[in-house]
Amino acid sequence: MTDQTTDTPQFGADQKAKEAYFTASQRQLIWARFKKQRAAMIAAWVLLALLLSGIFAPFLSPYDPTIAGRNKDYTNGAPQIPQFCDDAGCSFRPFVYGVTRERSMATNFRWVTKIDTEQRHYIYFFEEGWDYKLFGVIPMDTHLFATRTEGGFVHIFGTDSSGKDIFSRTLHAIWTSMQVGTIGVFIAFVLALIIGGISGYYGGWIDSVIQMVTDAVRTVPAIPLFMAVAAFMPPEMTAEARFFYISLILGLIGWPTLARRVRTHLLTERNQEYVLAAQLCGARPGHVIRKHLLPSFTSYIIVDLVISFPYMVLSETALSFIGLGLKDPVNSLGVMLQNVTSADVLLNYQWYFIPVIFFIALVMAFVFVGDGLRDAADPYSDTHK
Amino acid sequence: MLQFGKFVATRASMAMITLIIVSLVVFTLMELVPGDCAERYLAFKNTQGSGISVEDIEVERQRLGLDRPFMERWVSWIVGAFQGEFGDSCILRVNIAQLLGTKFWLSLSICLASLVLAYAIAIPVGMISAATNNPYLNNTLRIVSYFGLAMPNFLLALVIMLFSTVWFGETLTGLFSNEYRDAPWGWDKFVDLMKHAWLPIFILGWSATAFALQTVRALMSDEVGKLYVTAAAARGVHGRKLLWRYPARHALGPIVNSLGFDLNRIFNELPIVALILVLTDAGALLIEALARSNDQQLAGAIIFLLTASIVTLNFLTDVLLAVLDPRVRKSIMR
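Taken in sequence, the protein lines are chains A and B. Just so we're aligned, residue 1103 is where the first sequence starts under the working numbering, counting upward by one. Just so we're aligned, residue 57 is where the second sequence starts under the working numbering, counting upward by one.
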């Protein structure tokens, strides 16, 4: 180990670095290794940005994402791109053009939107708008941006068929999907800890029986099973109840993989001397599992949770997509993706696809961060390279 | 040889036990559904205009044997299931075995075909990716394979389908052309099937390939660094021959072992792809059974069949591995 007294100047810096390395906590070591991976760091920033935009969704979105915030004058409207300059000159304040809609003999009686370049709607920041509760508690009505013009509007991602702002919906959807995923992962995690904990700690025939059941559950294809369980939700269920039910299903079906990991960790750890020492001191099994065994692999469990998260989000999306998950008044990524499935959208309203980009970014960010964490938490990862 | 027989028998009985546990889970879920088959059928008749009383429901319940205790019904269900007999569908009132029939085999073959496709791409590409020192190639492959995971495959299906409709004027939905739908099996019908089936096979194989690629790459990069590979290289074996004859044989075991879970994953995607491509296979039938009519009898049968094919594949790969891998072979045939 490091010698405290040999603090001579020429070894000073080297010694300090060594000392920092040897006295670093597990978390510091993981962070140091994680920082070295460029792809994982980029993904972590993307993830953080998405998370923050989810948390602050009501503040960032100029319009209410529900039907209350619809813009009936601009249904299926194309995205409006804020700009600073046009033929009439430049301005420091970004603006979007106004639109006029008309339906007449000349347009074959269809609503046709025309951009009116004469009309400029300037975008102002920190404007007052619809009421919301930040973090669900603080009542506020300030929004990041809005226009002040009477009758003007700004939809930077366009609007959907009922005139709801896609930008606002996407931000809220990210948050909902994250919540469903978090609750699902949490339920799966608690189940996995209990089942895997019992199985790994006791071993023997208890372990064999539990493993057999876990393996059996693992062989059942999850999505068809999800569908079977989700279909039994009474249709008159409220949106909130549905939301919790879906999270519950995701959790109840997602535990076996995690439980297996917990069990494997426990099986290797329980024969260590420190466990024997605790047992000899008269500690009860629950105490040994909680206080001695679980802390020994907390970091691995966190990594497993991060890795299983995108699959929860994907499952939610798949369920909502077939119409068995969350439904329209709720904004989740699955509900948003469901909207892109018609030929009309692909040919005429391509901006419906913008949420898809966010969805892919979210899943990929999670996968990369999970991968990076796994490599970082593996104490032998340095020797591999 | 006797040892081998014993091994196969143990594996087979374990597979059976797994299936029985699964059937218990599935059957319990079916039971938990509010309202049983009798109520559902009669409620349906009610909407058709014929008046139904509580006594009618009781009579129907007795006719279907729903008044027997849970365990008894489960045993009779599982005995029937192993003989390929699942009773009648709750709503459609037709024999489930007949209803599923060829549909199930068709979807199973499509899934297996996409599994083959996935590994046909993943094994060579994964090996190249593991053996190469080129960081750009490596990172590109990694990003592409993650993209395969994150890109929802229904989106891929949708885009391909719409493009083909718009630019080629050809609809790619369904599995058969109209004239072959009810025709007896023959070469022409097979060709027609192949003309339609490539799209679902490709789309299902898409994310399966991404997964398989990661598995192959991880296994291979673990193996190529080992000393026996260096030793073989020192003896003058090089290039493709080196990769195929040394590390690839070691990596083979876990790959064969994971085939069952790959099939599981493909089954997960099947219903969604089937829904978009309007395929008339078991996956789409499942959605219909669940979303539209709450037909628990049919849903249970399909989930049981899907799981049974995964368990069978797991059993087959276990046996195959015992034949292929000398280490496993030695340990069971001492």
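If you're looking for bench data, these hints aren't it; they were derived computationally from the structure. Where is the CB? At the ideal position from N, CA and C, for every residue including glycine. Be aware that one or more of the hints could be misleading.
Claimed, not checked - Label pairs and their computed distance ranges (CB to CB):
hint, chain 1, residue 1, chain 2, residue 2, range
1, B, F317, A, F1228, 27 to 33 angstroms
2, B, F317, A, P1431, 32 to 38 angstroms
3, A, L1369, B, I73, 38 to 44 angstroms
4, B, W254, A, G1388, 26 to 32 angstroms
5, B, R305, A, I1404, 33 to 39 angstroms
6, B, L283, A, L1350, 47 to 53 angstroms
7, A, Q1130, B, F317, 31 to 37 angstroms
8, B, N151, A, D1430, 35 to 41 angstroms
9, A, F1124, B, G281, 23 to 29 angstroms
10, A, Y1123, B, L283, 26 to 32 angstroms
11, B, L283, A, F1124, 39 to 45 angstroms
12, B, T368, A, M1242, 32 to 38 angstroms
13, B, I73, A, M1242, 56 to 62 angstroms
Results for each hint:
Taking the beta carbon of each, F317 of chain B and F1228 of chain A are about 51 angstroms apart, not inside 27 to 33 angstroms as hinted. Distance hint check for F317 of chain B and P1431 of chain A: the Cβ-Cβ separation is about 37 angstroms, which falls inside the suggested range of 32 to 38 angstroms. A hinted range of 38 to 44 angstroms is violated for the C-beta pair L1369 of chain A and I73 of chain B, which are about 22 angstroms apart. Restraint check, W254 of chain B to G1388 of chain A: a C-beta distance of roughly 56 angstroms breaks the suggested window 26 to 32 angstroms.
Checked against the hint of 33 to 39 angstroms, the pair R305 of chain B and I1404 of chain A passes, with Cβ atoms roughly 36 angstroms apart. A hinted range of 47 to 53 angstroms holds for the C-beta pair L283 of chain B and L1350 of chain A, which are about 50 angstroms apart. In this structure the hint that Q1130 of chain A and F317 of chain B lie 31 to 37 angstroms apart at CB holds, the actual value being about 36 angstroms. Checked against the hint of 35 to 41 angstroms, the pair N151 of chain B and D1430 of chain A passes, with Cβ atoms roughly 37 angstroms apart.
One distance hint, 23 to 29 angstroms for the beta-carbon pair F1124 of chain A and G281 of chain B, holds here, with the actual separation near 28 angstroms. Roughly 29 angstroms separates the CB atoms of Y1123 of chain A and L283 of chain B, a value that falls within the hinted 26 to 32 angstroms. Against the hinted window of 39 to 45 angstroms, the Cβ-Cβ separation of L283 of chain B and F1124 of chain A comes to about 31 angstroms, which falls outside the hint. A hinted range of 32 to 38 angstroms for the beta carbons of T368 of chain B and M1242 of chain A is inconsistent with their spacing of about 58 angstroms.
Checked against the hint of 56 to 62 angstroms, the pair I73 of chain B and M1242 of chain A passes, with Cβ atoms roughly 58 angstroms apart.
In terms of the numbered hints stated before, the structure departs from hints 1, 3, 4, 11, 12, listed from lowest to highest.
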